[in-house]
Structures are given as structure tokens and as C-alpha cells.
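Peer 1: One-letter residues, chain by chain:
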Amino acid sequence: MATDVEANGAAEPVLEVAPGPHVASGSLTTRRMMGDVLLALLPLVVVAVALFRQAALLQMAIAAVATVGGEALFARWRGRRATLGDGSALVTGLILGLSLPPGAPWYVGAIGGLAAAGLGKAVFGGLGQNIFNPAMVGRAFVMIAFPAALGAEAYLAPAAAAATTGATPLTALQMTGEVAPLGPLWLGLTAGSVGETGALAALAGGLYLCIRRTAAWQIPTGMLLAAAVIAGLVSLAGGSFTPAHHLGAGALMFGAFFIATDPVSSPLTPKGRFVFGAGTGALVMLMRTLSGYPEGVMFAILIMNAFTPLINRATIPTPVGGPVPRRA
Amino acid sequence: MSAAATALPGSGRIARGVRPDTRKALAADAPVEALPAPPTVTLPLVQHTGAPCVALVKSRDTVEADAKVADTDAFVSAPIHTPVAGTVQRAGVVTLPNGRHLAAIPVKTAEGAPGPEAVYADVLGGDWPLDDADGRDPEDVLRAIREAGLVGQGGAAFPTHVKLKPNPEKPVDTLLVNGCECEPYLTADYRLAVEAPAAVLAGARLAARACGARAIFVAVEDHLHGARQALRGAAGPTDITVAEVQTRYPMGGEKQTVRAVLGRTIPTGGLPLDVGVVVINVATAAAIARAVQRGKPLTHRIVTVTGGGIRTPKNLLVAIGTPYRALLDACGGLTEEAARVVAGGPMMGFAIGDLDAPVTKGTSGVVALTRADVRHAAETACVRCGRCVDVCPLNLVPSRIALAARHKDWDLARRYHMAACMECGCCAYVCPASLPLVQLMRMGKAQMPRETGG
Ligand code: SF4
Ligand code: SF4
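Residue numbers (this note's numbering), protein chains in the order written: chain A, 46 to 373; chain B, 8 to 461.
Source of the hints: derived by calculation from the structure; they are not laboratory data.
Certain hints may be false.
[Unchecked claim] Reference listing, derived: stretches of chain B covered by chain A, where coverage requires no fewer than 3 residues with Cβ under 8 angstroms from a Cβ of chain A: (1) 349-358; (2) 397-410; (3) 415-427; (4) 437-448.
[To be verified] DEER-style ranges, computed between Cβ atoms: (5) A:Ser72 to B:His230: 52 to 58 angstroms; (6) B:Ala385 to A:Ala359: 31 to 37 angstroms; (7) B:Ala453 to A:Ser72: 26 to 32 angstroms; (8) A:Leu252 to B:Pro123: 28 to 34 angstroms; (9) B:Gly270 to A:Gln174: 29 to 35 angstroms.
We put the beta carbon where it would ideally sit given N, CA and C, even for glycine.
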């Protein structure tokens with residue numbers, strides 16, 4: 046309610062009355078956070094394009110357009126104002142695109158994007174309400190809907206355009222026991238989804254996100270730590286991949302910094318975030334070593350998303366000075 | 008004396024919290040100026056936490072300056088005195104910035120009120136002997152404090168004599184004088200420490216005498232060194248430790264200062280008394296010295312009038328009961344950009360709706376914020392970014408508490424310790440979604456049914 050104060054003839058400004066605090070830090074807005082993520086994704090995008098050329102651009106563009114379009118569409122259906130301005134749909138779409146294999150047919154990205162916006166977000170009530178990471182929901186959806194289109198050939202075909210040929214390092218490990226050399230593995234000169242191969246690029250962008258505190262550092266720390274420890278144990282037990290191989294391979298680095306750190310679907314407290322990260326890292330390694338499935342970042346994150354409410358409940362911090370005393 | 012300061016029992020720091028732009032430079036170097044008595048002072052009958060006072064005067068009575076005009080027998084209360092000589096007017100109702108409607112006694116100022124220099128000399132000038140506390144009977148000190156109507160001047164306005172009264176079950180060993188003005192913009196306490204450090208220290212010794220504390224600490228923040236220098240200079244080689252602590256909001260909160268200076272943690276729902284400490288504000292300390300050494304009631308206080316929306320920011324010594332409008336006028340008025348005028352600081356203060364409302368004992372500042380200062384993005388959904396958790400000085404999970412309050416889910420509210428929230432506003436300050444977190448906490452705390460047994 047504004048109070049009009051006009052006294053003494055002099056026109057005073059209209060003063061507004063509103064609850065405090067009356068100032069805000071303003072250094073962080075949802076929009077700025079998403080801008081940060083886009084910037085942090087840049088190294089990965091560069092690697093992806095250098096490696097897979099048009100195939101990478103196409104996957105990113107299709108997924109991004111589909112997700113943003115889907116968000117607008119579903120918001121309209123639900124009679125809500127679309128929240129495109131905050132950029133979160135664009136980020137979701139890009140991450141989805143980066144997680145697709147270069148040879149995936151165009152409709153995979155399109156349908157994945159729609160699924161991410163619809164099943165991943167809109168059905169829960171929009172930004173901030175979803176339980177699961179929308180990008181991973183989209184990814185899982187197309188994975189289940191088009192298993193053939195996302196099979197091993199999807200990783201093979203256009204990769205020939207670049208320096209890489211053959212199966213992804215993790216598939217190769219599982220099939221033939223072949224161990225990829227570390228250098229190309231970290232630089233991203235291997236087969237894989239368009240955005241997952243450049244572990245070093247993901248690390249660089251991810252560190253930026255953590256320094257800007259747009260991403261909670263506890264999540265990647267927990268995830269990489271757990272993965273490294275388990276990988277160490279596996280290699281001691283005779284596995285041919287060292288922890289350095291595991292950290293550099295597949296979507297682990299990309300997932301740790303860009304996917305698992307989605308704030309909406311991860312826990313709130315520092316402790317909870319570490320637990321969440323460690324759980325994700327452990328699940329990834331479990332799937333890589335024990336299941337017949339070479340990579341597990343997507344499922345690991347989705348499974349841990351389901352545990353987020355539980356982790357939140359289990360990690361309620363004790364207030365300074367102890368819990369509120371119960372009065373008789 | 009500096010050796011003592013380096014050996015603080017506490018770390019001098021607080022965990023979490025925020026660092027808003029302090030904007031202290033606007034008024035920090037403006038010496039305190041006394042404002043001439045306004046034509047009418049308006050004295051609300053409740054200017055403290057506790058029982059309301061009852062008027063002792065009626066319309067058309069003439070009163071002398073410093074006369075008691077309202078009082079009560081209740082222990083947790085503080086009498087009210089008129090700062091000016093004059094004629095009592097018909098009682099009315101005022102609405103204070105915090106939204107309370109209160110009965111108030113207007114007093115029309117008589118001719119010949121003392122000028123600014125005389126007021127300044129009376130309230131802040133002269134000698135403040137540091138060595139007369141030991142010779143006084145603690146009971147006498149308490150009685151003088153009560154009679155002078157002293158309340159905490161840092162904001163909560165809790166009656167000072169209640170705070171200082173010894174409790175045999177909870178002995179006090181330390182008096183902490185809180186000079187941490189952690190709210191941005193405000194410099195009233197700073198100016199007081201710079202201009203009348205002896206009054207602060209004299210009051211501190213008297214307060215320590217009254218409550219039985221042996222150790223005295225004065226805490227100031229480390230970004231404006233003038234206060235520390237003045238206080239140390241005035242303290243000389245005494246047992247009073249002047250401590251500098253980190254500049255960080257909300258350092259001035261009792262829990263935070265006690266922890267930073269003394270390393271003691273006040274239990275949730277408890278008081279500094281529970282850890283053997285009494286905390287008083289520097290302005291309260293100076294008022295104690297004036298009440299005990301000079302027998303003068305609390306009738307004036309320093310108010311910082313500042314902000315980007317004020318033409319000439321100043322620290323004013325004003326008669327309690329002066330309308331806010333007179334303070335703004337004395338500072339050149341509001342600028343074109345002024346959008347919101349806040350009583351108190353911008354973090355915890357209240358927006359003033361009625362500029363004719365009077366300054367009360369607890370008013371520490373008037374901050375005129377510009378449109379750019381208060382520009383708020385529209386509220387969006389919580390993105391669960393956890394920023395609020397990262398800054399809550401009490402280690403709460405504000406987003407969950409706000410959710411519980413919004414849905415009146417008291418079970419969830421209890422699980423997340425809603426009642427512990429001190430409403431400092433750090434969470435709302437950082438929230439990228441501009442959620443009205445403090446409002447929700449306040450509402451939730453007010454509406455949550457009192458616990459019964461479990
Ligand atoms: S800071 Fe705001 S948006 Fe972020 S978790 Fe807290 S309430 Fe939600
Ligand atoms: S207002 Fe309450 S919940 Fe928010 S930061 Fe302050 S104490 Fe924590």
C-alpha cells in the first residue's frame with residue numbers, strides 16, 4: 046500500500062510501505078545463474094563442435110528448441126505465464142542435447158526435449174517443483190522409447206567425421222577390455238555423446254560454476270570422490286581402468302558438474318548435497334562395474350533425485366544453540 | 008589494553024550471515040547535531056517490550072521538562088517522560104512504523120525551550136566519571152535506571168532494569184556493551200562512541216555494578232576504527248576490554264555478538280543470561296550514566312537520518328516524540344528518487360507509512376531508500392538453490408520453513424526449527440527468487456499453535 050504524503054504544499058514523493066528486508070543482494074538471480082551455466086558450458090560446446098561438427102550443433106539445437114518450445118507450450122496449456130525469461134529451459138535443452146549421441150536421428154532430440162519440458166517439469170508444476178532432473182527425464186524417455194536409435198551405431202557413424210572411431214571407451218572396456226589412453230580420454234578425443242567426452246572441458250566449466258557458487262561444490266566433490274574411491278578399489282581388485290580413467294570417461298565429469306548440480310532436484314543443505322553427490326558417484330561406479338550397461342550417470346542421478354526428499358529430511362541442520370526447546 | 012583485545016575468548020567472527028553494502032560513509036563523519044524541540048512531541052504509552060503505561064497527566068496540565076507523564080506498577084515496563092516543558096494536549100492514537108496503534112500523549116512545547124547547544128551539552132557533554140560505580144549500591148543504580156525509563160536502544164526496547172536485575176539462579180559474570188551497528192547505513196551508535204565514549208564506559212561500569220558482572224567488554228565492528236580508538240582512549244588502563252569484531256550482518260544480534268566476543272553459545276529460546284552474560288547497547292549504556300550520575304530520564308536519543316533519498320545525511324540528537332517529518336526536514340528533505348523511508352535499518356526496520364509518527368526510545372535511524380535501492384524483482388518460484396541455507400546465521404533451512412509457514416504445516420515447521428528464527432532477513436536478502444521469506448517466517452511464528460507438552 047502506498048501512502049500519499051503531500052503536505053506543506055510541497056509535493057513529496059509517494060512512499061511505499063513494504064515488509065523488510067528493504068534491500069536485496071541482487072547479485073544472484075535465477076536468470077544470472079542460468080547465464081552462468083551457459084557460459085560454463087562453452088568449453089564443452091567447443092570440444093563437442095570440434096569433434097563432431099554439424100552433428101553436435103544439430104543435437105544441441107534440436108534439443109534446445111524442443112525444450113524451450115515445449116516449456117512455452119505446456120505453460121500455455123496450464124494457463125500459466127511461461128517462465129522462459131529465466132533461461133532454465135534453455136539450459137535443460139542444451140544439457141539434453143549434449144547428452145545425446147552424435148548419430149541420433151533428429152526426432153530423438155525433439156521428443157526428448159518435449160519430454161524434458163513436459164514430463165520433467167510441467168507435470169510437477171514448473172520451475173522449482175520438479176523432483177527429477179528434467180534433462181535426464183527427457184534422456185531416459187528417449188532411451189526407453191527409441192532403444193535402437195540410441196544403440197552403439199549412433200555413437201559410431203558421424204564420429205568418423207572427426208578423429209575418433211569405434212566404440213565409446215566404456216563400451217570398449219566392457220566388450221573387449223580395451224583401455225583407452227588417458228590423454229585423448231580427458232581431452233575428449235573419443236567416441237561418446239556429443240558433450241560428455243571432454244572431461245577436461247567439463248572440469249574447467251564446472252570449477253567456474255563452483256567458484257561463482259552457482260553450483261554447489263559439495264555435489265561434484267562427493268560424486269567424484271566416491272567414484273574415485275570405488276574405482277580405486279576396482280582397479281586394485283584387478284580392473285584395467287584406473288580411477289583416472291573412470292573420472293575421465295563417459296559422462297561422469299559432465300554429470301558431476303552440470304547435471305547432478307541442478308539445484309531443484311538436489312538437496313538443500315551442504316551435508317545433504319555431499320551425501321547426494323557421493324550416492325550418485327557410487328551408483329555410477331556400481332553400474333559401470335556390475336551391470337551389463339556401460340554407463341550409468343543418467344540413471345544414477347535419477348535414482349538419487351528420488352532420494353532427495355529423504356536426504357533433506359535426514360540432514361536437517363541443528364540450529365546454533367540447539368533445537369527449539371519444547372515447552373510444557 | 009590492546010593485549011586484552013587480541014586475547015578475546017571468542018573468535019571475533021560469525022558463521023554465515025551476509026555482507027550488505029554498509030553505506031556508512033553517508034553519515035559516519037557527520038557530527039551529532041541537536042535538533043531544536045518540535046512544536047509538539049507525541050509520546051506513545053508503549054515504547055518498550057512489556058506492559059503499557061498509564062498516563063499520569065491529563066489534557067491542559069502543564070509539565071516541566073523531564074517530568075514523568077506515564078508509568079505503571081508492572082515490573083516489565085518503563086515509565087515515559089516528557090523531553091520538553093509545555094502543555095499536555097488531548098490524548099490521541101498514533102500508528103508506529105511497526106504497525107502498532109497506540110494511545111499517545113501530545114505535549115505542546117512551551118516558549119523558551121533550550122537551544123541545540125544546550126541540549127547537546129545536557130545529554131552528551133560534560134564529565135562522565137568512570138570511577139564512581141563501586142561506591143554505589145546496586146539497588147540504587149537499578150532504581151535510578153527504572154525511574155529514568157531506560158529501555159534497550161538497539162531495537163527490541165526491553166526495559167533495562169529488568170535485564171540488569173540480578174537473578175540468584177543465573178549469576179552474571181560478564182557485561183557486554185554492544186556497539187555493533189550491523190544494519191547498513193546506521194551510524195548513531197558509532198557517533199555516540201566517538202563523541203561521548205566516557206558516557207558509554209561510565210554507563211557500562213554502572214550496569215556491571217548493578218548486575219554483578221566482573222568483566223566488561225565493549226564490542227565494535229572493525230570497519231570504522233574511530234569508535235575503537237575513542238573508546239580505548241577513554242577507557243585508559245582499566246578492566247574494560249574494547250573488542251573489534253568482524254563487520255558482518257547480523258553481528259549486532261545478541262547471540263552473534265556473545266558468540267563472537269565471548270565464544271559462548273546462547274541456547275535456542277534462551278537469553279544471554281543463560282550463559283552468564285548481560286548485553287546492553289552503547290546508547291543504553293550512555294543513558295544509564297546519565298540516569299545514575301545526573302538523575303536524568305531518557306528523553307533524547309541519537310537518530311541517524313540517511314540514505315540515498317535524503318539530501319543531507321546527518322546524525323541528529325532528537326527529543327523522543329519528535330515526528331519523523333521534522334527529522335527529514337532538518338536534513339534537507341527527501342530527494343526525487345526517494346521511494347521508501349524506513350524506521351531502523353534496511354534489513355530489519357519497518358517502512359514508515361505516516362511521516363507524522365513520532366520517534367520512540369527504540370528508533371535508531373531513518374533511512375530513505377531510493378527506487379534503485381529497493382528495486383525488487385518479482386517473486387518467482389523457489390529454485391531450491393540453497394543460498395538461504397548458506398547465509399542463515401542460525402543454521403536453519405529458511406526455504407523449508409517458509410514452505411511450512413505458507414502451507415501452515417506446523418509439523419514441518421517444528422521439524423525445521425521455525426521458532427528459532429530471529430527474523431534477521433539474511434535469507435530474504437540473498438534469495439534469487441525474491442521470496443518474502445521473513446514475512447512468511449513472521450506469519451508462521453505468529454500463527455503456529457503453542458506447543459503443549461510435545
Ligand atoms: S534462496 Fe530462495 S530460491 Fe534459493 S532455496 Fe532459498 S528460498 Fe529457495
Ligand atoms: S530470517 Fe530467520 S531463517 Fe532467515 S536467515 Fe534470519 S534467522 Fe535464518
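Peer 1: With reference to the structure, classify each hint as holding or not holding.
Peer 2: Now for the hints, and whether the structure bears them out:
{"no.": "1", "hint": "349-358", "in the structure": "holds (count 7)"}
{"no.": "2", "hint": "397-410", "in the structure": "holds (count 8)"}
{"no.": "3", "hint": "415-427", "in the structure": "holds (count 7)"}
{"no.": "4", "hint": "437-448", "in the structure": "holds (count 8)"}
{"no.": "5", "hint": "A:Ser72 to B:His230: 52 to 58 angstroms", "in the structure": "violated, 20 angstroms"}
{"no.": "6", "hint": "B:Ala385 to A:Ala359: 31 to 37 angstroms", "in the structure": "holds, 34 angstroms"}
{"no.": "7", "hint": "B:Ala453 to A:Ser72: 26 to 32 angstroms", "in the structure": "holds, 31 angstroms"}
{"no.": "8", "hint": "A:Leu252 to B:Pro123: 28 to 34 angstroms", "in the structure": "violated, 59 angstroms"}
{"no.": "9", "hint": "B:Gly270 to A:Gln174: 29 to 35 angstroms", "in the structure": "violated, 43 angstroms"}
Consistency note: the structure conflicts with the earlier hints numbered 5, 8, 9.
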